[in-house]
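A.B. asks: So the sequences go chain by chain: A and B.
In short: position in the first sequence from 1, add 1, done, that's our numbering.
In short: position in the second sequence from 1, add 2, done, that's our numbering.
Be aware that one or more of the hints could be misleading.
Unchecked claim - Going by beta-carbon spacing under 7 Å, a handful of chain A positions derived as facing chain B:
id : residue
1  : 411
2  : 414
3  : 418
4  : 419
5  : 420
6  : 477
Stated by the list, open to error - Okay, the calculated beta carbon distance ranges per label pair:
id : chain 1 : residue 1 : chain 2 : residue 2 : range
7  : A       : 439       : B       : 14        : 54 to 60 Å
8  : A       : 499       : B       : 27        : 31 to 37 Å
9  : B       : 13        : A       : 147       : 29 to 35 Å
10 : B       : 27        : A       : 256       : 21 to 27 Å
11 : B       : 13        : A       : 100       : 43 to 49 Å
12 : A       : 283       : B       : 14        : 45 to 51 Å
13 : A       : 74        : B       : 13        : 31 to 37 Å
14 : B       : 13        : A       : 343       : 50 to 56 Å
Honestly, the hints are just simulated from the structure, not real lab data.
Using N, Cα and C, we set each Cβ at its ideal position, and we do this for glycine too.
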Amino acid sequence: MANFTPYSNYGYAALIKETTAGTVPGIPSFYFRIVSESLSTNFANQEINEISGNRERRQRSIQGQVEVSGDLVVFVEEKSIGHFLRSLFDAPNTQTVVASTSYRHIYEVSNTPKTYTLDLQRADAPWAHRFVGVYFTGIEIKKEDNGIQATISCTPRKVFQNARVTTAANSGTTLIVDQTTGLHADDTILVLDKADGFTTVKELAITTVDSETQLTVATIDVQLDVDDIVVIKSAAVTDSSYIQCDPFQFMNGTTFYTGADIDNTSAFTIEDFTISIKNEVEARFGSGPDEINRFPYDVITKGYTAEGSVTKYYDSEAYLDKLRKNAKFPLRVVMNAQSAISANSAVAASSTWGASNGFTVTAETAGKAGNDYNVTLVLNTIDTLAASISGKNVTVSLANATASKNTGTLIAAAVDALTGVSSAAVGTGATQFIAAEDNANLGAKSSGTNVVGVDASQKPYLQIDFSHGILGQFSPNNAEDNIIPQEIPFTVFKDNDCDNAIKKNWSTKVYLFNSISSY
Amino acid sequence: MEFVAKKEIITNADGSITEVVTMVEVEEKKKTPISNK
C-alpha cells in the first residue's frame, strides 16, 4: 500500500509573480493545468579521484553544484499564457478595451524578463516542491492534434524540495534547519520522520523566516530529531482553483498571415507549424557557506531569438523565391478562442500625435483590423506638407523648412483626405510638428491617447507578430507516391533596414486579448 | 496662409496603389477697399 497515491493526475502546478527575482512573495496561487513537466534538480556530486596505494579510482565524493532546469508542457489558452509571456518578455503594456471586462496586453522584447515562484505537487504527495526565481526562458508552440500546445522552458535559481532539521527540538518556536530559501511566512511545513520520509511528525505554520538556517514556527510540542525532513505542505486544490479556459484550436481557431509587411498581410493555409521564442540564460555559481549556495547565485539573461517553421504541400515557387532572395517573410499567427468575453460593439482603432493640440488618426472601419493602420512622420525633401497611404501604411511628410505648414490642423486635413483613415485636429490643432516620429500603429502608440480596435463581440485571442522573418533551407523533393511536403523553416530578425522609413524596429510583438486586467 | 488638399493616386511598380495628398498653398482673397463698395 503506497503512502500516498503516486498517480500523477493528483498533482498540481501553481505560480506567483516575484517582485524581486529569487524572493518568494507568497504561496503560489495561480493554478494552471499541465500535460507533463520535467523540472529536474540535479544535485550533482563530485568524484574525488586520488592515488592512495590501490587501484580503486573512486575514493571519495563531495557535493557538486546544483543545476535546475526542465520544461512544462501545457495547452495554450488565453489566461495562463500571459504569465509565461510576461516572464519571457517583461510585464506587458495593458490597455483596457471594455471597462472592467476586457483588456489587450502587448508584449515586447525587453531587457528585464520577470521571474516567478513555481510550486509543483508531484502525484498526491502531501507536500510540494518549490522552484524559486524561475525564468520561463522559452515558449515553443506547436499543434498537438487540433490543440495548440506549448513547451515552456524553465530556469529556476533555487529549489526548496526539502531541508533537514539540524538541531533537535521538542518545545519552543525555533526550528533550526539547513535551508530556508524558498520558504515564506505564509507557508505551512511538515516535518517528516527521517526514518521513512513520509510520516508527518509535526505540522507547523511558519511565523517568520529568520535566516537561511532558522525559522520561527508555531509551538513545537513533539520531539523533532536531527535529520528529520522539512517539506512545504501542499495546497488543497479544487476545480474552482483554476480559472483557465479551453485551449486554442488549430482548425477553427488559428489563422496564419503573411504579406509585404506585418501590417499588410493576408491569410494563408498551412498544415503544421512550430514557433519558438526564447531567451538564452546562463546560471552563475559562487561561493557560500550553506546548502543553498550550491544553487546559482544569479541567472544572467543573454540573447533573445525567435524561429519556427510552417508546413504545406508544394504547389508554389513563392517560398523558394523568398528563400533565394533572402526576402522578408513577415508572419502573423492569430489564435482565436471560441467564445466572446462580452457583447461589445466594434471599435475603431485610433491614436493621437502631439502632447496637446495635435491630431488624431482613426481607422475608418471599426474592427480589430484597424489596428494595422500605422503612421510614420518623416521630413519631406521640400517645404511642402504631404500625406500618403499605401496599403495600411500612412506616411506624413512634414514641410522641411516652415514649421507653420505642419500644424496639427493641416496634418489632419491631409491625412483625412486619404482612403481608409480619418483624421481631425485635437484641441486647437496649433501644435507644429517639426521632427520625424517613428512608425506607430493605431491603438498602440507609446504616448498620447490610444483606442484599441476590436471586432464586435471580440473573442479572446493570442496574436504573435514576427515583423521580419527570413526563410531557411528547404527543398520540395520527390519521393515515390508522395504528396511533396514543404517544411519551411524561418528565423526572425528585427525590421530595422535603414532605408525603410516605416521600419518597425522590433522583431516580435505578442498581443493577448482576454479578461485578465493585469499581469 | 491657406492650404487646400490636392490628391493624386500613383500606381507603383509592383502594382500597388499609393494615395498622396499634398497641402498646396493658395492665395488669400484680397479684401475689397471700403471706398469701392
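A.B. asks: Answer holds if the nearest beta-carbon of chain B is closer than 7 Å to that of residue 418 of chain A; otherwise answer violated.
C.D. replies: With a closest approach of 4 Å, the residue 418 of chain A hint holds.
A.B. asks: Is 54 to 60 Å a correct range for the gap between the Cβ atoms of residue 439 of chain A and residue 14 of chain B?
C.D. replies: For residue 14 of chain B against residue 439 of chain A, whose Cβ atoms are near 23 Å apart, the range 54 to 60 Å is violated.
A.B. asks: Would the hint on residue 420 of chain A stand, with a C-beta cut-off of 7 Å toward chain B?
C.D. replies: Holds, about 6 Å.
A.B. asks: Holds or violated: the hint that residue 411 of chain A contacts chain B, with Cβ atoms closer than 7 Å.
C.D. replies: Nearest chain B Cβ about 6 Å off; hint holds.
A.B. asks: Less than 7 Å between beta-carbons is the criterion; does residue 477 of chain A satisfy it with respect to chain B?
C.D. replies: violated, 26 Å
A.B. asks: Taking 29 to 35 Å as the stated bounds, is the beta-carbon spacing between residue 13 of chain B and residue 147 of chain A within them?
C.D. replies: violated, 43 Å
A.B. asks: Can you tell me whether the CB distance of residue 13 of chain B to residue 343 of chain A sits inside 50 to 56 Å?
C.D. replies: violated, 43 Å
A.B. asks: Holds or violated: 45 to 51 Å for the Cβ distance of residue 283 of chain A and residue 14 of chain B?
C.D. replies: holds, 47 Å
A.B. asks: Using the Cβ atoms, figure out if residue 499 of chain A sits within 31 to 37 Å of residue 27 of chain B.
C.D. replies: holds, 33 Å
A.B. asks: Is it true that residue 74 of chain A and residue 13 of chain B lie within 31 to 37 Å of each other by Cβ?
C.D. replies: For residue 74 of chain A and residue 13 of chain B the Cβ distance comes to about 51 Å; the hint is violated.
A.B. asks: Is the interface hint for residue 419 of chain A satisfied, with its Cβ closer than 7 Å to some Cβ of chain B?
C.D. replies: Result: holds, 5 Å to nearest chain B Cβ.
A.B. asks: Just to be sure I understand the hint, the distance between the Cβ atoms of residue 13 of chain B and residue 100 of chain A should be within 43 to 49 Å; is that true here?
C.D. replies: Taking Cβ atoms as reference, residue 13 of chain B and residue 100 of chain A lie about 45 Å apart, which means the hint holds.
This entry does not satisfy hints 6, 7, 9, 10, 13, 14, going by the numbered hints stated previously.
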